Amino acid sequence: MLKGFKDFLMRGNVIDLAVAVVMGTAFTAIVSSVTKGVLEPLLAVLGGNSHLGFGVTLIAGKPATFIALGPIIGAAIDFVMVAAVLYFALILPMKTVQKRYLARKGADSDKPVPTDTELLIEIRDLLAAQAAREKESAQIHSPSA
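For the sequence shown, the numbering used here begins at 1 and goes up steadily by one.
In short, the hints are calculated from the structure, not lab data. These figures come from a predicted structure and were not determined experimentally. The C-beta atom is built at its ideal place from N, Cα and C for all residues, glycine as well. There's no promise every hint is true.
Here are the simulated EDC-like cross-link-like pairs (lysine to aspartate or glutamate), alpha carbons at most 16 angstroms apart as the crow flies [stated by the list, open to error]:
id : residue 1 : residue 2
1  : 105       : 7
2  : 95        : 16
3  : 62        : 136
4  : 95        : 7
Quick list of the computed label-pair ranges, beta carbon to beta carbon [stated by the list, open to error]:
id : residue 1 : residue 2 : range
5  : 115       : 35        : 29 to 39 angstroms
6  : 28        : 58        : 34 to 44 angstroms
7  : 122       : 89        : 36 to 46 angstroms
8  : 38        : 118       : 53 to 63 angstroms
9  : 5         : 29        : 27 to 37 angstroms
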């Protein structure tokens, strides 16, 4: 039971999915910050709330037209940090573990692992041999005229 769970985790799909979810969440923060920092002030040109901080004011004397760059830069830094942590804490160790697992698994067997092309050639040859046997069998069992 635990071996099956270990094999499931070692396929890598689970880790890839977890990374995608976390990266998507971080990217959502960037999009939200761009919306709050750029689009809202552009809409505030007509009136609205004031946003002060690091950024640019579109119309002098009207704080509602302030484009806040701070949240955007902060979200981008968060995204890069999350991506780096995920890569160095999950992806890189997982690849190392998979290489060791596959190397150990390959060392246990006497035969080298065949390539896809070799497997396809073997399947083709087996099907050809089976077809030839069926043809011989049909000729032997068919009534002669």
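Structure-based check of each hint:
no.	hint	verdict
1	105 <-> 7	12 angstroms, holds
2	95 <-> 16	11 angstroms, holds
3	62 <-> 136	93 angstroms, violated
4	95 <-> 7	14 angstroms, holds
5	115 <-> 35: 29 to 39 angstroms	49 angstroms, violated
6	28 <-> 58: 34 to 44 angstroms	26 angstroms, violated
7	122 <-> 89: 36 to 46 angstroms	41 angstroms, holds
8	38 <-> 118: 53 to 63 angstroms	56 angstroms, holds
9	5 <-> 29: 27 to 37 angstroms	33 angstroms, holds
Checked against the numbered hints above, the structure breaks hints 3, 5 and 6 and satisfies the rest.
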